[in-house]
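Heads up: the sequence lines are chains X and Y, in that order. Under the working numbering, the first residue of the first sequence is numbered 24, with each subsequent residue one higher. Under the working numbering, the first residue of the second sequence is numbered 24, with each subsequent residue one higher.
If you are wondering where the hints come from, they were derived from the structure by calculation, not from laboratory data. Positions of the beta carbon are idealized from the N, C-alpha and C atoms, including for glycine. Some clues are possibly wrong.
Straight line, CA to CA, 27 Å or less: simulated BS3-like cross-link-like pairs of lysine-lysine [to be verified]:
no.: 1; chain 1: X; residue 1: K260; chain 2: Y; residue 2: K375
no.: 2; chain 1: Y; residue 1: K281; chain 2: Y; residue 2: K260
no.: 3; chain 1: Y; residue 1: K382; chain 2: X; residue 2: K260
no.: 4; chain 1: Y; residue 1: K260; chain 2: X; residue 2: K382
Listing some non-contacts, in silico: residues in chain Y with all C-beta distances to chain X over 10 Å [said to hold, decoys possible]:
no.: 5; residue: R73
no.: 6; residue: V114
no.: 7; residue: A230
no.: 8; residue: G241
no.: 9; residue: A301
no.: 10; residue: A396
Okay, here's what each chain looks like letter by letter:
2 protein chains.
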Amino acid sequence: MPSPVEFADAHRARFESELSDLLRIPSISTLPEHRDDTRRAAHWLAENLRSMDLPVELIETAGYPLVYAEWLGAPGRPTLLGYGHYDVQPVDPVDLWTSPPFQPAVRGGRLFARGAADDKGQILTLIAAIRAYLQTSGRLPINVKLLIEGEEESGGAGIEAYVRDHADRLRADACLVLDSGMAAPGVPAITLGLRGIVGGEIEVSGAARDLHSGIYGGVAPNPFQALAEILTALKDKNGRILIPGFYDRVAPPLAEEKAGWERLPFDEAAFLRNEIGAPALIGEPGYGALERMWARPTLEIHGMPGGFTGAGSKTVIPARAAAKVSMRVVADQRPDEIAGAFTTHVLAVAPKSVRAEVKMGHGAPPVVISSNAPPIAAAKRALTEAFGREAVFVRMGGSVPIVSEFAGRLGLPVVVTGWSLPDANAHSPDESLDLEHFHKGIRALMRFFEEM
Amino acid sequence: MPSPVEFADAHRARFESELSDLLRIPSISTLPEHRDDTRRAAHWLAENLRSMDLPVELIETAGYPLVYAEWLGAPGRPTLLGYGHYDVQPVDPVDLWTSPPFQPAVRGGRLFARGAADDKGQILTLIAAIRAYLQTSGRLPINVKLLIEGEEESGGAGIEAYVRDHADRLRADACLVLDSGMAAPGVPAITLGLRGIVGGEIEVSGAARDLHSGIYGGVAPNPFQALAEILTALKDKNGRILIPGFYDRVAPPLAEEKAGWERLPFDEAAFLRNEIGAPALIGEPGYGALERMWARPTLEIHGMPGGFTGAGSKTVIPARAAAKVSMRVVADQRPDEIAGAFTTHVLAVAPKSVRAEVKMGHGAPPVVISSNAPPIAAAKRALTEAFGREAVFVRMGGSVPIVSEFAGRLGLPVVVTGWSLPDANAHSPDESLDLEHFHKGIRALMRFFEEM
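Take these sequences, add in the hints, and give me the full structure.
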């Protein structure tokens, strides 16, 4: 009987082939025309898990089903709750893909397909690691619960409600969120922090109706001009936010975490050129680019609806205009408090010639995970050993609500990691996964089971 | 044989009935589904003019025909070129009309219908005045050329090209543009100035593609933020434009013209309440509301395309965004020069983290007409006598390109006047014309013929 590691080595082709099978299913959860495909991906996963004789449940939600499986044959040992998602992003613009997005193709050691990195190629490493044990020794070194959702790219409402209502069933000693990435090729990473978010809309109304700018220009307030004044009173030219009290609760990263970031293979000039493509980076003086993305709060404008936006010209002073904005918040900022300070400041700086109204949505809190938690230390050892290079601690600027749910609602230490590269194009054409990283990821997770 | 004045008095019902007939034709020139209706209005006018035995020509253009007629039976006397238009604005939102827009209805002495004030009810006063002479004495006190277009509400390209190419045929001693209005009920007015216009679009691009604001917020430039900074560097909170050299050529109105405006029955509080409906008026300190609308340049933002403007939220840092802007210019500002100063300033103040581009359209120069020109004096006497109240000199904040053509290209003194009231709703539901003003307008034009 081979060892689990020997099994994994011997079945590389099978794991790649399974990944390609799953990638051929266009499970785009945001597009209604792919409803059947998205459900098909859930059924594919359920069948794959059942082939290991695991009990599998398709848990229906208001949207797409959760795939739940568990192996609890190691009483007294820790339990790991593993998370991933089987839905994928849309593929537009499809003509920018080198090969069709749902026909997996290998080029230069990378597998190209929509979902290769985000998240099918990651969740399958966890299933492969489990298979390597169950199909050899017949048992795992720890207990495992798997919860795989199909709405990560379209809101994730189903899993949030389920986690809220089934904390008991999901009880575990640690979570593994396989939806993050590596620091660079060959450099495994664990994500210790995520920014939170709170956003909404500033609506400004001036005149009671759209006015002719010839007849009324010079006396009628222009809501876009008012918005420009409000927006420049929210953030200065250096990117510093001017809302009173905004930074009061910002907790700087620990010196050792920051020192770790400075050692990362991050080339700011290459980053600007390859990932941004603008004339220059912006941001608060005195903070490095990684710190600005990971550990500093921001405020962004996403769109400014209102007025005339068609081709040609229409010289209207619009009655109303709006700005869609959001703020990324960091530990220990509180989204509700920030929403309140934002609203108060907008109303205070809005010109008196217009009516301003602020509508804020529901926020998500920031997450910071201590590197001292035992599962983090175990994951670091496992990743370091499997990749042959010391795993590094990073953060992510984005918000992953499910991590907040696991960390906040279930109170669990969460290991956020994965095998996606910074240039994996997770939401763009030519999404890819490095196949060597895929296999090392399987080995890293097997090692992680042992280390736990 | 009755006198022309007696004829006009005796035919009030006929003139009103003819106006209603013309108003029943929905000649909306911007809407292709009203193409036949718009042409029908031209034919209606041609028939009405032919019924006085005038030679009439329908001059085809790339769009709708010009209706041209002339009576040149007074050699040695001055020639008047009269202008109006037979097309009308769309009627949306049609459910806000008290009576259907193309079923003329009289309420409280006013005739309600689309086009009643703008411009059918005005051009028909000129035709009625001519008829009162030709059907009594058989001759007019002056020579008259009539040029009536059908594209005033949709660009006016046809008449501009025709005027450019047929200056000889249109030779006259004065123009009468019947497409303006009264200062207040019972108070006739002559418009001595129009603002010009120059506008375009500021396009700002940051990153090479739309970016996720979570991942890249804090380092990627946001084109909307850059636009807010640019726009607040173009105009300050008091409405003063900050473009270097912008005000250099602004010629203030003559003291006596300004003094006349101060005597106008203009109630700023009522204007704010009834015409604007905003919390307050805006504008440069030290200038009255009328002066700000009529004789001060402005800069307005009409729309800001780009990013995400749908319902809900999408936390994107857009790659591109734009601002559609225009400036109203006054004598002696030059649109081309202003466009250049605008472009230079935008590029100078644009943040260096983005690429800014300015695309300016073709401008229209401002027009100022001297109150000393003999046709203006004649018109003032005629209006004062017909309405029994001294005609006042006003300006209009809007741009009427045909006035620039007549004044600039043909070099003619232009009498810009009409019977539309400030609350005529020319481009809104419930457009109306005061019928007493309609008949006094006919008498005023008859008197104007004599005074010339």
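Going down the list of hints, with the structure as the test:
1. X:K260 - Y:K375: holds (11 Å)
2. Y:K281 - Y:K260: holds (25 Å)
3. Y:K382 - X:K260: holds (25 Å)
4. Y:K260 - X:K382: holds (25 Å)
5. R73: Per Cβ check, R73 of chain Y is outside 10 Å of chain X; nearest 36 Å; holds.
6. V114: holds (15 Å)
7. A230: About 5 Å separates A230 of chain Y from the closest Cβ of chain X, which leaves it inside 10 Å; violated.
8. G241: Violated: least Cβ distance 4 Å, not greater than 10 Å.
9. A301: violated (5 Å)
10. A396: Per Cβ check, A396 of chain Y is outside 10 Å of chain X; nearest 24 Å; holds.
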